[in-house]
Amino acid sequence: MHFHGTEVRQRALTLLRGGAKNADVARELNVPRGTISYWKHEDRAKRGECPGRHAPTCPRCDGRALDETAYAYVLGLYLGDGHISLYSAHRAPSLMITLDDSWPGIQDETEAALRAVFPDNATCRVRRKGCHNIKVYSMHLPCLFPQHGPGKKHDRRIALEDWQQDIVDAHPWAFLRGLIHSDGCRITNWTTRLVGGERKRYEYPRYFFTNKSDDIRKLFCETLRAVGVEWTVLARGSDPFHVSVARKASVTLMDTHIGPKY
Numbered sequence: 001m002h003f004h005g006t007e008v009r010q011r012a013l014t015l016l017r018g019g020a021k022n023a024d025v026a027r028e029l030n031v032p033r034g035t036i037s038y039w040k041h042e043d044r045a046k047r048g049e050c051p052g053r054h055a056p057t058c059p060r061c062d063g064r065a066l067d068e069t070a071y072a073y074v075l076g077l078y079l080g081d082g083h084i085s086l087y088s089a090h091r092a093p094s095l096m097i098t099l100d101d102s103w104p105g106i107q108d109e110t111e112a113a114l115r116a117v118f119p120d121n122a123t124c125r126v127r128r129k130g131c132h133n134i135k136v137y138s139m140h141l142p143c144l145f146p147q148h149g150p151g152k153k154h155d156r157r158i159a160l161e162d163w164q165q166d167i168v169d170a171h172p173w174a175f176l177r178g179l180i181h182s183d184g185c186r187i188t189n190w191t192t193r194l195v196g197g198e199r200k201r202y203e204y205p206r207y208f209f210t211n212k213s214d215d216i217r218k219l220f221c222e223t224l225r226a227v228g229v230e231w232t233v234l235a236r237g238s239d240p241f242h243v244s245v246a247r248k249a250s251v252t253l254m255d256t257h258i259g260p261k262y
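Numbering (the working numbering), first residue to last: 1 to 262.
Hints were generated in silico from the structure; no laboratory data involved.
Watch out, some of these pointers could steer you wrong.
In silico SDA-like pairs for lysine to any residue, Cα to Cα no more than 20 Å straight-line [what the hints assert, rightly or not]:
{"no.": "1", "residue 1": "135", "residue 2": "40"}
{"no.": "2", "residue 1": "129", "residue 2": "105"}
{"no.": "3", "residue 1": "135", "residue 2": "103"}
{"no.": "4", "residue 1": "40", "residue 2": "30"}
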């Protein structure tokens with residue numbers, strides 16, 4: 001192991017304090033960049049220049065302000081296609097929302113909403129085949145998403161806490177938008193009608209929401225009812241996993257507040 005004398009170290013610190021880059025100092029003095037970085041960190045710590053540990057605040061633990069509209073949207077996304085996980089190599093758990101690359105606008109909207117809910121935490125995107133995982137790391141994810149637990153969401157009870165329900169009641173369309181953007185769609189159905197003896201094609205828009213969790217579908221349907229949207233449940237085979245909105249007035253209302261994916 002090679003030890004660098006006090007003179008070399010002091011020369012390095014003089015250059016660093018003068019604004020020189022770590023790599024340039026390492027090259028000039030023939031010292032490993034890791035050593036230069038360590039010397040710089042120790043020097044800054046002794047002079048009280050280190051910012052200290054990053055400790056983002058939490059609306060539940062610290063009472064900081066929460067962007068409720070963004071939260072209602074992210075909550076819908078989480079219940080649809082999101083999950084929280086903690087890997088052994090990571091210090092903090094991550095919220096990951098998987099979104100199809102066919103809808104880049106929704107990916108952008110999701111990342112913007114995550115930044116609004118977690119203003120002190122960085123977000124990132126991880127590319128996967130045909131999709132991206134939009135992620136944020138935070139120690140306070142279980143505080144904001146108490147529905148997190150072991151196993152799949154449709155295998156356990158999902159219920160909103162009172163404070164979450166208050167937010168959904170205040171921002172129902174943001175919540176519905178998140179659910180549709182994750183596990184829903186707007187499609188165009190068609191049928192034929194006999195008009196004046198001639199059979200003509202008739203097209204009409206329709207919204208679908210599909211989720212295996214009875215509790216999540218119930219939250220979706222209860223929120224639809226609260227905003228005046230009529231819905232029906234479609235069972236394909238024996239599974240009643242599909243909620244349909246097809247009545248013209250209800251579709252118009254959904255179009256006003258949600259619209260097609262983009």
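Now the hints, each set against the structure:
1. In summary, the hint linking residue 135 to residue 40 is not supported, as the alpha carbons are separated by about 32 Å, beyond the 20 Å threshold.
2. Between residue 129 and residue 105 the alpha-carbon distance is near 18 Å, which keeps this suggested pair within the 20 Å criterion.
3. Annotation: proposed proximity of residue 135 to residue 103 holds, straight-line Cα distance about 17 Å (limit 20 Å).
4. In summary, the hint linking residue 40 to residue 30 is supported, as the alpha carbons are separated by about 16 Å, within the 20 Å threshold.
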